[in-house]
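J.: Residues per chain, in single letters:
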Amino acid sequence: MDRETWERIKQLFAEAREREGEARSDFLAEACGADTEVRREVESLLVAHSEISDSFIGAPAADAALAILGQRETQGWIGRRIGAYRLLAELGSGGMGTVFLAARADAEFERKVAIKLIRLGLDREEIVARFRQERQILAGLDHPNIARLLDGGATEEGLPYLVMEHVEGLPIDRYCAERDLGVRERLFLFLKVCGAVQYAHRNLIVHRDLKPSNILVTAEGGAKLLDFGIAKLLELDIAEGLTSVGERLLTPDYASPEQVLGEPITTSSDVYSLGILLYQLLSGQPPYRVASRSQRELERVVCEEEPVPPSTALGRREAGQGEGTGERMRRELRGDIDNIVMTALSKEPARRYSSVEQFAEDIERHLAGRPVLARRGGRGYRLGKFLRRHRLGVSAAGTIVLLLIAGVVGIVWQAGVARAQRDLAVRAANSMIYELAEGLSQMSGPTESRLGLLTRAAAILDEAQKGPGSPALARLQADSNRVLAQTYLNLGDLTHAADRVRLAERQARRLVARPGVTLDDRSALAGILIEAGDVHTAQGDVHGASTRYDEALALFEVIRRSPGATIRMRLATALALFRKGDRVYSEGKVAAAGKLYQESLEITQALARENARDPKLAGVQATTLERVGDVLDAKGDDPGACRSYAAALAIRRSSSLRAPSDPSLTQSLAIALQLAGWCAETLGKKEDALVRYQESIALERRLLAADPSNRSLTTNLIGGLGQIGNVLRKMGRFEEAIGWYRQALELSHKLLDAPQRGVDAIAQAASLEQLLGSALVKAGHLEEATKHLDAAADLNSKLLTQDPANLDYQRSLAEVFAARGGLASRGGKPQVAESAYEQAVAACRRLTAGGGSSANLQLLAETEYRLALELTREGKVRRARQLLREAEDTLLHLRAVGQLGEGSDGAREVLPAVERLFERIGR
Amino acid sequence: MSTADEGSQDVTQLLLEWRNGNERALDRLMPLVYDELRRLAASYMRRERPDHTLQPTALLNEAYLRLVDQTRIAWQGRAHFFGIAAQMMRRILLDHARQLKAAKRGSGGSKLPLEAAMEEPQRQNVDIVALDEALTRLEELDPRQSRIVELRFFAGLEVNEVAEVLGISRATVNREWAVARTWLFREISRS
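Protein sequences, first through last, are from chains A and B.
Take any residue in the first sequence, note its place counting from 1, add 6, and you have its number in our numbering.
Take any residue in the second sequence, note its place counting from 1, add 1026, and you have its number in our numbering.
Just so you know, these hints were derived from the structure itself, not from any lab.
Bear in mind that the values here come from a model prediction, so they are computed numbers and not experimental data.
Hints are not guaranteed to be accurate.
Said to hold, decoys possible - Some, not all, of what chain B presents toward chain A, calculated at C-beta under 8 Å: (1) Trp-1044; (2) Trp-1209; (3) Ser-1215.
Note that the Cβ used here is the ideal one computed from N, Cα and C, for glycine as well.
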């Protein structure tokens, strides 16, 4: 049909439609004439038009087309080339996208890989950038049980893809079911999975999406974990992953409460997911089912519903099947396994195993027939273990302690328990607290749960020490309280530490006041006084700390020279000298501190020569060596300081080698490495220094990962990060330095936000603010610099109200104000600059009030000069002259004694600058 | 230059070339449009967009804005783009319908997961395969009518939108649509 005919047909059809019946036939007959083809066509259209229903292509099919499109699997991809690979077959598809089997297109040998084509509506640019960022980390995961991530990018159309090691295997749950594995076999397989997750966690990678389909088991029984870190890479989030078809991108069945709530995800989230996995592997069903896919229902179930223990779940499933393998399995699960799984499934991360390692170790303990850490509710396990051990030795005391724990102590007392039995109870409690204190310090785990144990132990002690007892018993009680105080202090709980040490001091003073006072009594009091000094120091009570240290030292001097002095007493003396040294050092009396450290060192060295066996000896000796190094450093004897640090590092390394899993030894080693880094830095080997510092913070991070709320660990890590920043700053790599400072400061602010912040935390934050501020100045980010310098000034002022004699704070304050003045001056704010310089000068004068070091005197002169310069610009010449005279005096004096320019490069230039300014404005 | 800019350049350039008579440009253009539409559709379905409903016109507009550099192309660019999108959606529905038929033959009528998405056209009792064949014949007879059907039925455009895209009056769109619909109905009824 030609175009013309068709146009005619359309025209006639339209016109005919306006007519009905005969009129229409007449019209058509006339219009078409002899053209029967046209007439037939129009008539047939008119018939069709009368039959057509409104629904015929009435509603658009566009929605359907787009719905299909949105869900469409990547058809037509087979055979296509992506990057260096050719797609061979589809392996499967899931929430994220489709997985293809692929092989290198250019390789002779066909090495098979799996390519995951991501079907998400992600921004192409963003995903490529993010991938580049994460690729190195993920590609670095080299573990036999982790499928390697080989490559990734975006296709021509912008679809992101990931190239992964191809694994042939069954999902772990199907593998267990098909092979009909027993409980022990399942546990061994699960341990392999834990090993892989643990490895990734050590590399700071959290899986986030652990589930059976991501864990394949090969025919040989090897486990392979897929998709490590992919969830993070794709920024998939369980809390936001709802799709319109009710599917989630991540599987909510394995998500932890924090994931469901959209809270920060940590290694603990993987612990939880592993808990669900183990639950499922052992009981054949998930711990809970999410009935509807709504967010609210999900939150309710995951965050609130308490699952039944796996053994009960298995029982329900096997119900009606009689006594069989089910019942045997159930018996195997009951007790330890139930407890282990339920600990991992705790709703609050703090109650779970603190690491996958701990989780796995508990399973190993169970498999080896040893007692496990897990108990229902997660608390008190260490205590339980202690009781188990001691029930064998001191059965009478053990029984009583058990009764105490059961909370029936009151009833027993009322029944009139014999005094001898109560003595035993106190001894047991004391010994338990020692055990506990030692155990807690060696145990890596969340501080919260350790504090819980300690409080429990303290309550038991309080119960046991009711009523009168022998002097020996009283001494034991006092000492127990000291240990409690010390442990609280180590865990960062200042309030409880103060309570306990006060109690201990009172008890010990009562002992010393009685007529038959012994060396042991005095030694106990001295030890308690040291502890009290530490607690007061941590509280920022300088005076309280000082008087206690002094009294303790006086006592120790007597004890040490007494013929009956034990190794422990001599070591305690060394420790007291050392603590006093710390105090004196922070007051700026370096030489006096050095003498105290030296005395302390002599005692420990003598003990070491005598081969004295005391577990604390090596630690005290190394720490003292480090302090001696500090003093030598302060005196400017760098080589001497470094020798001392090196000696300390050697002791730390060998101690840590002997007990590699002891966190406190690891921590000390980390500190020693920091000092070694400082030495390398001082000797001009800056790259070496960076290596040492990084070795050190790697240790710190590992420790912190096991115990995220530990304050002193955090403090040390902050220090390490700051050091790296310092080195980089000195190398002129300011932007890098700023990055490290920011990391440090972020952690530091977390400490400051904690309810029980100590003085140290403020001091650390203050110096970091200052360092970051000055690095920002160097990098030219003046506005931000101002912000941080102001923060530093505030923090230092706060510190000085608590400890006015502290020269470090005073010096920092002076420096910060001087820097602020400089910034304001550059920024064209003379008023601000003047007042900042005024404050700097005032701080410097306080700093040098008692004479002052040459460095501090130089700072004074320099700030005076700067203030004078600022005043000159504003025309306030008289005051400027006065300041210049003072600066000149100081500088001339320093030059006369040969100390001008000591410690500061720019200082030498101040004197000529002063003279030049004098020339400008006259004397 | 960033990848998105390159993409936008590509599509714009290809669109211009196609309009200037380079038929091969269309072959290169289609996959780009396809993937953009697929990505947008998927993200709408995952409720990543503030308005959770799937509005075809809005989606096509978004795709157009994302893919085409409007400073380099006259307003007809939009018409061409929508035309391509409509053709593409027609092809998607056709492929899907064919798959459904094949699947039913192969597996004794078991439901495909995508069948739910097809509920609308199924209820209309439109045989997409037959419609496609008829539409192909209509295109030979009257390309503009075929375009109108594509835009209205497959791309879901309203009458005024079709008029705007094709640069004709609404009355013309209505008139031509009525004829095309009748013609297609007759063709399908005959077969």
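J.: Just to be careful: measuring from the Cβ of Ser-1215 (chain B) to every Cβ in chain A, is the smallest value less than 8 Å?
T.: holds, 7 Å
J.: Verify the interface restraint on Trp-1209 (chain B): the C-beta must sit less than 8 Å from at least one C-beta of chain A.
T.: holds, 6 Å
J.: For the hint on Trp-1044 (chain B), does the least C-beta distance to chain A fall short of 8 Å?
T.: Violated, because the Cβ-Cβ distance from Trp-1044 (chain B) to chain A comes to roughly 18 Å (cut-off 8 Å).
The structure fails to meet hint 1 from the earlier list, while all remaining hints are met.
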